[in-house]
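Undergrad: Listed below are the residues making up each chain.
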Amino acid sequence: MLTKIAGGDIIDPVNGRLGKGDLWIKDDKIVPAPAGGAADRTIEASGCIVMAGAIDIHSHIGGGNVNTARLLLPEQHAAHQLRPAMTPLSNAGWSTFQTGCLYAKMGFTTVVEPAMSPGAALHTHLELADIPIIDKATLAILGNDDFLLSMIRDDAPSTMIEDYVAWTVASTRALGVKVINAGAAAAFKENVRTFSLDDVVPSYGVSSRKIVKTLQAAVDSLGLPHPLHVHCNNLGSPGSADTAAATIAAADGLPLHLAHLQFYGYGTEGKRGFSSAAARLAELVNATPEVTIDIGQVMFGQTVTVSSDVMRQFSARGSAHPKKTVIHDGDGNGGGIVPYSYGKDFYGTMQWAIGLELFLLIDDPWRVFFTTDHPNGAPFTAYPALFELLMSREARAEMTAGLSRSALALSTLAAIDREYTFEEIAIMTRAAPAKLLGLTDRGHLGAGATADIAVYRRDRSIAKMLGRAAYVFKDGDLVVQDGEIIHYRWGKALRLKPPVDKAMVRRLEDYHQQRYGLSLDWFNFPDSAIAREQPFGEVPCRT
Amino acid sequence: MAVAWIGNREALIERAAAHAASLLSSSRCPVFSFDTDIDGTRAAIALAERAGAAYDHADGAALARETALFTDKGAMTVAPGETRRRADVVVIVGELPRIHHGLVGELAGTVPDLSTVNQRAFFVVGPNGMSVPPLNGGREATRLSCGQASLAATLAALRAQYKGRRTSQPVSNFNDFAKALAAARFPVFLFSGHAAEGLALEMLQGLIADLNRNSRASGLHLPANENGWGSTLASAWMTGFPLRTGFARGFPEFDPWRCDVARMIAAGEADLHLRISAATAQPKEKKRRMALIALTKTQEPVAGAAVTIAIGEAGLDHDAVVYSSRTGSLRSTEAQAASQLPSAATIIRLIATHAFAEPLPC
Ligand SMILES: [Zn+2]
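Taken in order, these protein sequences are the chains called A and Z. Residues 1 to 543 in the working numbering are what the first sequence lists, from first letter to last. Residues 1 to 362 in the working numbering are what the second sequence lists, from first letter to last.
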């Protein structure tokens, strides 16, 4: 089928296409305007902007810890309205079904679950397979697992470490690798309660820095497109900016992605010993081209923090609201669930301002990524409001009126004039994520690209405009019209398939037999275990 | 071989499914109970949404106690693999379901390789006479009990004594326990809702929290029913809620009392019961004015059922994904004796095609 999206303002920074024009789709791909071709279907897009479907690189949408959070907090996500006929289970609060629908309505077509525990890969993919419409992907967590720590301790050759990383990515069907508070979860099992970049995991004698550098190098030499995704040490503590700064410096010329930098943007100034270090971190990021970051913006209200940083979550138990938590010591990382409410008090305001400062002070939209670390800083449903804050000084000024003045006094936010343009939004939420993840088929509107397209009707309210897309196409299917789901479909989980070394599989089989009393079969699964027609889409490694 | 019946009469599977669908469509208060794999659970919950049904595990009471620990209080838990590799003290809390006895034996037959203490001590909390899973090599777990006091009361006493408080009745062998804890690097408490009341599970978590003030400890959750816990997980991602959720008002509502399916049947609230379990149903007194649709592994119609359709057993007759308490997560298993019997999910979807225009989302 040939579809023409007619007369919209096209915003496609990758192909340098900016301005009024038509966009053509044939089946599931974007195509050049056909010579004299007549469209089977024409979408009237005058008064609209047309962008590629948005890509979220870091949102906790499924897997063991997210599901445990659902179990812990049934009161937080009651469903309300009657179910619409077309969209099964989509009014079930915080369900996989609702997740896909809500993302699609905002024009998001690909979302990455950034914290898949390798042992729970099957569970994670089953959840993702029940998220409709959009494509998904996962990052596999390494760096607190005994197998890796033992290899590092024993000075295993780098090729052996690469074989292990490749096996993990291939067998868990991941799109990349994440390390979360490297070494801290292992140390916590030995009763260590704080852990920094140069601290050493007991029993292994391996520092957090060494784990990060080892994984960064392995990811790079395997040609995995997405650089190592790092959740630094000391998340949330005053003075954590020093840790983030040290980690940025440790990138040392090789690509490195730092997740939710806002949660490390904390200095120790002021009478409460808690201040904004955003300007300092932004300057470091600006000066370090091999580093990319996402923000983890805080927005006000009730949410729940879901993290595989088990040490940090354990220490945050006292701040739980409501007062209940789950802390799990897993095979590698485990994790913690701590419900939390961000108030407009000193601390909440500080965190909110720091996130915005980072967004606005980091110059290059190709290296700063739009996230709330859903649901940790805020649920992803806060995105439209966040877009408005980034694109409108006035919206920021209005918001600050009700916030803590003493916190704002310790931040530079009020002095920042910058307003994101639509072109910058298109880079930050489309082009750059595609590039960072190695997804050459999306993030742009060039001929041959996958027809993931979001059309937004211009409105004075940016939040309204970007919160309810006029039209969304996924793989060429028109899935959203006027902010409502009109067509149900199933996306894929995008994965890498690096070659697996047979000797490594034998080593791992022995290891699992000896240490767990179980064959590796207990952890492997065939694609057919995911009851969808085509559950996975393969993304090539760099060659 | 017959695989479907309407009442006591053999029927084509399509006819039986169509009849089940018409019963479902005309039901005012349908309830589903199941004991099935992940695919079966997904299909059943998707059908429950369409039919406005409440759903629960076929033997939901113990699971509901485990679920309540998470929904009401939270917990500290540890993976089974870490338990095997780190636990230098293992405490069996109350009677464990038989399915977990093998794991306990294995823990007794191995030592923690990630601990500097290369040995494991075993304790058991519970009244005298409570059955204890056999440990390897004729070893015995040290008994921690307050005579015939309940598990919750014993745990409360244990917690109080650990904090140095007086208790009306001291826990037997407490000094041995205190000594073991003082030396332990990672004690693990094995718990289940099988025989433990909610208060006991809560009290245990209180003790674990106390221990974690200065050292490490955690609990290994050994579900009362593995399929049941798998269904709990799938229910959570599909609806946001655990089992005992109902769609009476068109959207999912979690209510562990109101949607207790056994209670709804006993109270005469349900007018249709869809029972999905390869295991043969216990003969229960037939409820008047309640139709039974039985999906079970059978060669004959279930007594009193309006419709019976034969299904295979997950992991035996067909490949399946199930919860495994050995890994603490979902696991893919191959059919051990593949047969022609359809899976529960296949039959549920077939019934749905007769009752509703749109196919189920899963
Ligand atoms: Zn995160």
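Please note: incorrect hints may appear among the correct ones.
[Stated by the list, open to error] Derived pair list, reagent style EDC-like, types lysine to aspartate or glutamate, alpha-carbon separation capped at 20 Å:
1. A:Lys29 <-> A:Asp363
2. A:Lys324 <-> Z:Asp210
3. A:Lys323 <-> Z:Asp210
4. A:Lys324 <-> Z:Glu140
5. A:Lys492 <-> A:Asp441
[Said to hold, decoys possible] To spell it out: a stretch of chain Z is covered by chain A in this simulated footprint if at least three of its residues, at any positions, have a beta carbon under 8 Å from a beta carbon of chain A; those stretches are:
6. 25-34
7. 74-81
8. 250-259
9. 293-307
[Unchecked claim] Which chain Z residues stay away from chain A? Per the calculated CB distances, all over 12 Å, these:
10. Ile6
11. Glu14
12. Arg98
13. Ser115
14. Lys179
15. Glu197
Just so you know, these hints were derived from the structure itself, not from any lab. Please read all numbers here as calculations on a predicted model, not as lab measurements. Positions of the beta carbon are idealized from the N, C-alpha and C atoms, including for glycine.
Undergrad: Are the hints correct? Go through all of them and say.
TA: Evaluated hints:
1. A:Lys29 <-> A:Asp363: violated, 33 Å
2. A:Lys324 <-> Z:Asp210: holds, 15 Å
3. A:Lys323 <-> Z:Asp210: It holds: about 16 Å lies between the C-alpha atoms, which stays within 20 Å.
4. A:Lys324 <-> Z:Glu140: Since the Cα atoms of Lys324 of chain A and Glu140 of chain Z sit roughly 36 Å apart, the hinted pair is violated (cutoff 20 Å).
5. A:Lys492 <-> A:Asp441: holds, 14 Å
6. 25-34: It is violated: at least three residues are needed, and the region 25-34 of chain Z offers just 0 whose Cβ sits closer than 8 Å to chain A.
7. 74-81: holds (count 7)
8. 250-259: holds (count 5)
9. 293-307: violated (count 0)
10. Ile6: Fine: 29 Å to the nearest Cβ keeps Ile6 of chain Z off the interface.
11. Glu14: Holds, since 22 Å exceeds 12 Å.
12. Arg98: At roughly 19 Å from the nearest Cβ of chain A, Arg98 of chain Z sits farther out than 12 Å, so the non-interface label holds.
13. Ser115: violated, 9 Å
14. Lys179: Given that every Cβ of chain A is farther than 12 Å from that of Lys179 of chain Z, nearest at about 18 Å, it holds.
15. Glu197: holds, 19 Å
The structure does not agree with the numbered hints 1, 4, 6, 9, 13 stated previously, though it agrees with the rest.
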